[in-house]
Amino acid sequence: MSSEKEPLFSSKNLKLLTTPLGAQNPITVQVLGICSALAVTAKLEPSIVMSLSVVFVLVFSNLIVSLLRNTIPSRIRIIVQLTIVASLVILVDQILKAFAYEVSKQLSVFVGLIITNCIIMGRLEAFALGNKPWPAVLDGFGNAAGYGLILVIVGFVRELFGTGNLTFPGIGEVQIVPDIVYEWGYVDNGLMILPPMALITVGIIIWVQRSKNKDLVDIS
Amino acid sequence: MDRQGNKYTFLYASVMVIVVATVLAFVAEALNPIQKKNEEEAKMIDILKSVSIESTTANVAEKYEQYIGENVYIVNFEGERQDVKPQAAFNIDLSKEVRKPLSDRQYPVFECHLDNGEVKYILPVRGKGLWGPIWGYVALNEDKNTIFGATFDHKGETPGLGAEISTDAFQQQFKGKTIFDNGELVSVNVVKGGVPDDAPHGVDAISGGTITSKGLDDMLEDYFNGYEAFLKK
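Those protein sequence lines, which keep their order, are chains X and E.
The opening residue of the first sequence carries number 1 in UniProt numbering; numbering runs sequentially from there.
The opening residue of the second sequence carries number 1 in UniProt numbering; numbering runs sequentially from there.
Looking at chain E on its own, in the form it has when it is part of the complex (with noise of 0.2 Å):
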């Protein structure tokens, strides 16, 4: 056949398309369990991680069945409990949801009881970055108030500078601080160019990472707006 002609390119052309086609879903589908079971994990290791919790893939599972293990579920907008299986409270995909407006939203509690028996309650949130999604695991103490710990994580931050808020100094900051003011809900803020450490509701931002530490602000503020008639009550 005439290789330059149209008949043998078109055939050519076919006939690739079907081939890469054919190996790229079948090698989607067959890792598709395995990357999976890598996300649950992560997501496990990142719960645990909010309430100082070091875990790693191979014990992860064992360690979120005896801190959390049944002890989540989802909130609606005015704080009232739905009835969810745990499982599926667990799965509620944030990337959907947070495009919804806050009253439409679900809004999943994870229940963490620590060996001191003292309950933690964490919540997860979502938002923008500069590149791409960001999302976290914001940890408080029974008085919904006082944050005990925080972890954040991005999916394409520039690295050394906005994928800082992955690096356990920036999370640090955010042990102690209070969202409420005198019942007023204030959140968490971000503040260019520092504040002191004693300052109950502002953490340092990023060096070099404005927008970054800009969109971690406005997904706190968001979500503890979402979640702000649960934490009333």
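Isolated chain X, as found in the complex (with noise of 0.2 Å):
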């Protein structure tokens, strides 16, 4: 230990955090975690709930596995971080189940899946099993949120596009372009609530990003 200790927010910790927003994000960069994120976009607010049930489970997962760390036998080590997720997104569910039912009852067998979303067993084989309680938990948070905020976007494109409202968890559903515009004759897109525009969207979402960012443009 050194004898002065790491602030909470050291610059290095914020990396942690900002980073999987931008430059290394999971599904634009990493390409991981994307089965999740064409199945439950077609609407905005499936997206905002998966986005927040994975927050949850990675950053305990995380937590946890990080202080385990030091304990699981390297053989079965993988064994183990499924468990931990596998319980976690029980314990999700079961939760939602008796406390936000309705939400549940939305995303039914998504929530699930979080077990297998690659993300998560990422991230506990590359940081957790590595590193500290704290930066594990700020490392979670970042990845999920980086996870989310592309979902959110995603989920908010194909909804407008596609049926011209938007949901929100807590309000329903709200009409966001106007009557008038579809008397001027413009249509819906039915195409975006199909899984391939999701595809499609998250890669335009990356042409964007590389085009900014050419530090991410492999040219290999």
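A couple of the hints might just be wrong.
Unchecked claim - Footprint (simulated), chain X over chain E, 3 or more residues, beta carbon under 8 Å:
(1) 4 to 16
(2) 19 to 25
(3) 28 to 40
(4) 152 to 160
To be verified - Quick look at which bits of chain X chain E covers, simulated, 3 or more residues with Cβ under 8 Å:
(5) 34 to 43
(6) 73 to 80
(7) 133 to 144
Calculated directly from the structure, the hints in this document are not laboratory data.
None of the values given here were measured: they were computed from a predicted structure.
Positions of the beta carbon are idealized from the N, C-alpha and C atoms, including for glycine.
These two chains come separately, so use the hints to put the complex back together.
Now the structure itself:
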């Protein structure tokens, strides 16, 4: 231990929180967690709730694995991680069912699918196993937020152009495109609701991001 | 102890499994009553919604008591009323019934007495969508032919596609449709490509949700066949 205690939000720690939002974004740069990004983003509300659930699971699994990191036998570490993640996911599912029944009905199978989200296992292996609890928590939060950011953007774009509405948790469906625009001949693009458009939307985000940040362009 | 040895690994795994199992079992047991209550309330809300009575978790128990109360019973495939308590009829688990052949199933009927004295028969239905079960409640008028209202829900259909069966826009289409044609059971068909508004036995399917629409179609036909004897009485 160094004699001088590192402040909780030192620049090194803050970096853990902010790089996953941009230059190390799990979806657009590392291309992890794509599967769920396609599945839940047809509407804004499930995108938001899914992001929050992933934040919870990733922060706590990173924390727990980091606390246990010196005790986990390396040969079964993947199993141990999986057990921790799976238990947290079941916990989230049970709690949602008890205290936010409506939301749990909406997310249904997707909550269970958090277990298979590559970002979570990726962060546990790459970060939590080798770092102290506090940085691990920040790293978990940062990565889950980076994931959530893309999910919300994609959900926003798809629902707005696909249906002309936006659904918010707790508020419900709100019509965004005014009726007069429809009278002028505007038509919702039903294709936006279909899964391929999620891939294309993510692709456009990746394109925009890389054309702004040339470091990300892989020349090889 | 050697952290990489077999003994430690086995011990670690065993302790972890026991701890995790205990925690999860405890949480599941502790939350079970609340979840059960949520499920029952959600079921009551759905039932009342099929007769256009809007309710919330706060007032649903009261409204259910007012409009339906004890008027819940089970009929068999021959349409004969069975001797069971209303609570037991309410608790019939359709996910189990749906696996039995039509003639062995128990068919719950919720009789709803509206403020204006009209009686509606609410029939629960259940079937398969694309990813998992779909279910719903169909309310029939006193003639046991004209649909007064319908509500559908699903476990995990695709948002924006199959999941649209749980939207009002889709469910409104069922109002006023009839399931018999000159005494012949024809059910209500979910038609791809759309039907005219005044078609008596058809509604428009969901674009992009073909398998869910087909599943809904099958579900209605399956259950109306099961209820046929009761409906003809």
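How the hints compare with the structure:
1. 4 to 16: holds (count 6)
2. 19 to 25: holds (count 3)
3. 28 to 40: With 6 residues in contact (Cβ-Cβ under 8 Å with chain X), the coverage given for the region 28 to 40 of chain E holds.
4. 152 to 160: holds (count 6)
5. 34 to 43: Three-residue rule met by the region 34 to 43 of chain X, so holds; n is 4.
6. 73 to 80: holds (count 6)
7. 133 to 144: As far as the region 133 to 144 of chain X goes, the hint is violated, because 0 residues have Cβ atoms under 8 Å from chain E.
Of the numbered hints given earlier, the model fails hint 7 alone.
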